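Asker: The residues making up each chain are set out below.
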Amino acid sequence: MAKSCTLDELAGLVEGEVIGDGKLLVSGLNGIEYAVAGEITFITNAKKAGQLAGCKAAACIVPLECDELNLPCIKVRNPDLAAALVHNHLLEKKFAALGVLQPTHIGKDCRIPGEVTIGPMVCIGDRVKIGERVTLYPGVVIGSDAVIGDDTVLYANVSVADQSIIGKHVIIHAGVSIGSDGFGYATDQNGNHVKKPQVGNVQIDDEVEVGANSCIDRAAFGTTRIRHGTKIDNQVMVAHNVDVGENSILVAQAGIAGSTTLGRNVVLSGRAAVAGHLHIGDRVMVAGMSGVHGNLMQGSVVGGIPAIDVKKWGRATAAFSRLPEMLKDLRRLRREVDKLVGLIDSTGEETEREGEE
Amino acid sequence: MAKSCTLDELAGLVEGEVIGDGKLLVSGLNGIEYAVAGEITFITNAKKAGQLAGCKAAACIVPLECDELNLPCIKVRNPDLAAALVHNHLLEKKFAALGVLQPTHIGKDCRIPGEVTIGPMVCIGDRVKIGERVTLYPGVVIGSDAVIGDDTVLYANVSVADQSIIGKHVIIHAGVSIGSDGFGYATDQNGNHVKKPQVGNVQIDDEVEVGANSCIDRAAFGTTRIRHGTKIDNQVMVAHNVDVGENSILVAQAGIAGSTTLGRNVVLSGRAAVAGHLHIGDRVMVAGMSGVHGNLMQGSVVGGIPAIDVKKWGRATAAFSRLPEMLKDLRRLRREVDKLVGLIDSTGEETEREGEE
Amino acid sequence: MAKSCTLDELAGLVEGEVIGDGKLLVSGLNGIEYAVAGEITFITNAKKAGQLAGCKAAACIVPLECDELNLPCIKVRNPDLAAALVHNHLLEKKFAALGVLQPTHIGKDCRIPGEVTIGPMVCIGDRVKIGERVTLYPGVVIGSDAVIGDDTVLYANVSVADQSIIGKHVIIHAGVSIGSDGFGYATDQNGNHVKKPQVGNVQIDDEVEVGANSCIDRAAFGTTRIRHGTKIDNQVMVAHNVDVGENSILVAQAGIAGSTTLGRNVVLSGRAAVAGHLHIGDRVMVAGMSGVHGNLMQGSVVGGIPAIDVKKWGRATAAFSRLPEMLKDLRRLRREVDKLVGLIDSTGEETEREGEE
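Protein chains in written order, with the working numbering: chain A, 1 to 357; chain B, 1001 to 1357; chain C, 2001 to 2357.
Listed below are the simulated DSSO-like cross-link pairs for lysine-lysine, each with C-alpha atoms no more than 30 angstroms apart in a straight line:
1. A:311 / B:1311
2. B:1094 / C:2129
3. B:1195 / A:3
4. A:129 / B:1195
5. C:2311 / A:311
6. C:2093 / A:108
7. B:1195 / A:23
8. A:328 / B:1328
Just a sample of chain A residues kept apart from chain C, beta carbon distances all over 12 angstroms, derived:
9. 8
10. 18
11. 24
12. 34
13. 67
14. 92
15. 133
16. 299
Rather than coming from a laboratory, the hints here were simulated on the basis of the structure.
Please read these numbers as outputs of a predicted model, since none were measured by experiment.
Think of the CB as a built atom: it goes at the ideal place given N, C-alpha and C, for glycine as much as any other residue.
Chain A on its own, in the form it takes in the complex (with noise of 0.2 angstroms):
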C-alpha cells in the first residue's frame, strides 16, 4: 500500500504550484480511468483535461498550461516525469528483509550481508559478494566470483554465469542470462567449427534495469558492458564485447551483433538492430525493426533495412508500394518515346539512339 503525502509535499518534491488545498492527503497515483478516492491521478497534455470529468481521483498533476479544473492540482512542466517521481514516492518503503530462506544454496566463501531477502531455492557459487539489501528470487542461480550491488533485484529465474559484476539498483527481470558464452568460433577447411573459449565477463553498472528472457552475453576476452542508467527491455540479445553507454533504451527484441560500441542516450526501438564491430554515437535513434549495418554519427535518426536517414527511409517506403504501378508507367514512357523517336527519324531529322549503358 502506498503511504500518504499533502500536495504540497509532492509539489516539492516535483518542482510544481499546487493549485487548491495543498495540505490534502493522497494515497496513490493512477492513470485516470483507475483513480480511485483519495489518489492523485495526472495528465500529460491540457488536451485531456476532459477525460477528468469522470475521474474518482483527489487530486491531479497537470501541464502548466492547464487551468480552472474542477479538483486540487499540482502545475509542472514535465507532468509525464513528475506523475513517475510522485508514484515512486508514494511507493517508496523501507527494505524488508526476510533473510535467506531454506533451501538456498550458498557456495564458499561468500559475502552475504544480514539485510538481504534470498531465496528459497536459490543457488549461489564460490566467492560471491552480495550487496546490501538485494533481493534474490526463487529460482535465481548465480556462478562463482560475482558481484551484486547494493539494493539490485534478480527476479525469478534469473542466471548470472561466473565473474559477472552487477551494480547498484539494477532491476532484472524473469529468465534473464547475464554472462552466458559468446558466440565465437573458428572454422577448419572440413567446416567443422571450433568454439573460441569465452573467457571475458559481463559488467552491469548501476541503475540499469534488464527486461524478461533479455541475453547479456560474456567477452570473449574483456568486458562486456552496459553503463549507467541504460534500460534494456524484454528479449533484447547484446553479444559479446558489446559497449552500451550511459542512459541508452533497448526496447524488446532489439538486438546488437558483437564488439558494437553505443554512446550515451541512443535508443534502439523494439526490434531494432545493430551489425557487429560498429560504433554508434550518441543519441542516435534507430526506428523499429531497422537494420543498422554502418557506423551512426551522434543524434542520427535512421530507419529501415538496411538504415538510412530516417526521413528519407519515410519517403522511400511511401514510395514503395507505387513501384508495380511505376514499372507499368516506365514501360508506357518507353513505348511511347521510341514511337516519338521513330516519327522523327522519319520526319528526315538525324536522330541516335543511345545504347546500353
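Fit chains B and C to the supplied structure of chain A, relying on the hints for placement.
Answerer: Same frame as chain A, now just chains B and C:
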C-alpha cells in the same frame, strides 16, 4: 500410452462416416510416415491418398472426396480438425495427482487443493489460489496473490509474478515470464530515465496456450489481457496494457507494443510486430516479419514494413528487385527525351522545359 | 587457470612453425589489448602486426606472411583457428566431478554415473540416462525418458522436456527450452483452435551448442533434429519437425518455421528466418534480418524479405532510397512526353497514344 477406441466411437466424435469395419479398434493416432500397426492415421487432402500405400496404419481419417481406399476409413469434412479431436481423445487420461513434492516452498494463506501435481523445486508466494488438477513443473515460481485456474499446466522454470491471474485449461511452456514489469520511463532534462512503477497485472483467460520463453508484461495501471482461446507461440513479446482478443494466434517471435488492442481471431504470423497504442480489428492477418504502424480494420490482410495491403505488398516486393534496372531505364529515357526536346526546339517549335518541382 | 606449454608443443598442435625460442613457456592466450606477461596472443592479419608494439604478450600466433616481429611467434596458415585450438588446449583441465549436490531430485530408474556434477536444485524425471562427466547447473529440469550424452554441459535453468535426446559434448546455455510442444492447431468452424498433440521429440547430436534462451520444439510426430556440430546462438527459435544439417550456424534471434530442413554448413545470420516446409541446401547463407520464403539450392547466398540473390538485393536496397526522386522524375518525363506528343500531333504527324494496359 493411448487408449483403444472403435472406429464407430471415433466417427461419432467427429461427425464422420465409417467406411469399413466400424468395430475395428485403434489405439493411437500417428502421421502417415510414423504410424504402426493398430494406429489410425489421417490425410488432409485426397491427393495424398497415394502415400497410404506403404503405411502400416490400421485405419485412416480422410476427406469426403476420398474413395476406394485399401483400409478402413472415417470420412469427415475437415480431416485436420478430426485428426486433432481423435488424437486428443485417444490420449486423454485421468489426471494423476502426485500432490506437492518436496522440496517445494508454499507461502502463507495459499489455497492448494489435494488433487494437484506440484514440484519439486517449486516456489509459491503468499495468498496464491491454485485450482483443481493443476500441474506445476519443477522450477516454477509463482508470486503472491496470483491465481491459477483448474486443469492448468505450467512447465519447467515458468515465472509468474505477483497478482497474475491465469485461467482454466491454460498451458504455459518452459521459461515463460508472466507479469514482469512493463517498459516505461519518464526522462528528465539530463537524459536520466525515471522508472514508472508498473502497478497493474496480467490476466490470461481460459484455454490460452503460451509458448516457451514468451513474455507477457504486467500493465502500468490496469490489466494486460490475453483472452479466451488465444494461442501464443515461443519467444513472443506482449507489452504492458495490451489486450489480445479471443482465439487469436501469435506465431513465434511476434511482438505487440504497449496499449495495443487486438480483436478476435487475429493472426500475427511469425515475427510480425504491431506498434503501440493501435487497434487491430477482428480477423486481421499480418504476414510474417511485417510491422504494423497504424490501426487496421477488421478482416485486413497486410504485409511489409510498414505493413500495407498484402497483395499490394506482394506486387511491390516483386518489382523491388527490378529497381536498379528501373533506375537505369529512367536515366536513358531522360536523355532521349532531352534530345527530342532539343531537336524539336531546333525545328522552330516553341517548347518550354518544365522546372524542377 | 590455464596450464603452461612450450611454443614447440603448441606449434605441433596447430601445424605451425616456431620463430624464436621454441622452449618458451606460455600459460594462457589472450587478445592483444588484454594479454599479460607469460601469455600468448594472436593476430589474424599481417597488417595488425603494428598493434603488437605495446602488447605485453610473451609470444604471438601469426599468419604465414608475417615477418621480423620482436617476439617469438608461431606461424600458421589460419591464425584464427590456431588461436582457438591453442586456447582450448591451454584451458583444458581434467573434469572435476562434484557428484550430485543436494537438494536435487532424481526420479525412478535413472542411470547416473559416479563422475558427474549435478545440482544443487536440479530435477531429473524418471528413466533418464545421464552420460559420463555430465555437468548440470542449478535450476536444470530434465523430463522423463530423456538422454544426456557424455561430457555435455547444461547451464542454469535449462528445461529439457520428456524424451529429448541430447548427444555428447553438447553445450546448452542458460534458459534454453528443449522439447516444448510445437505450435499446431486445427481450427473449427467457430474459429476455436483445437490443439494437435505434439507427440514427437527432439534429438540434438554430438558437438552442438545452443545459446541462451533459445527454443527447440518437439516434433508433432517424429523428431526435431539438430545435427552434429551445429552451433546455435541466443534467442533462436527452431520449430517442430525442423531438421538442421551438420555444422550449420544459426546466429542470434534467427528462426526456422515448422518442417523445414537445412543442409550442412548453412548459415542463418542474425535474425534471419526461414518459412515452413522448405528445403535449404548445403552451404546456403542468409543475410541478417532476411526472410526466406522458398526452397534454396545449395550454395545460394540470399538477402531481403522475401530473400533474393544477395547481390541483387544489395543493388535494389541501394536504389531504394532514390524511389521518391524516381517517382518525381517519372512524372516530369510523363509531362514532357505528353507535350512532345501534342506538339508532333499539332504538326500534322499521325500519332496514337497507347492506352492503359
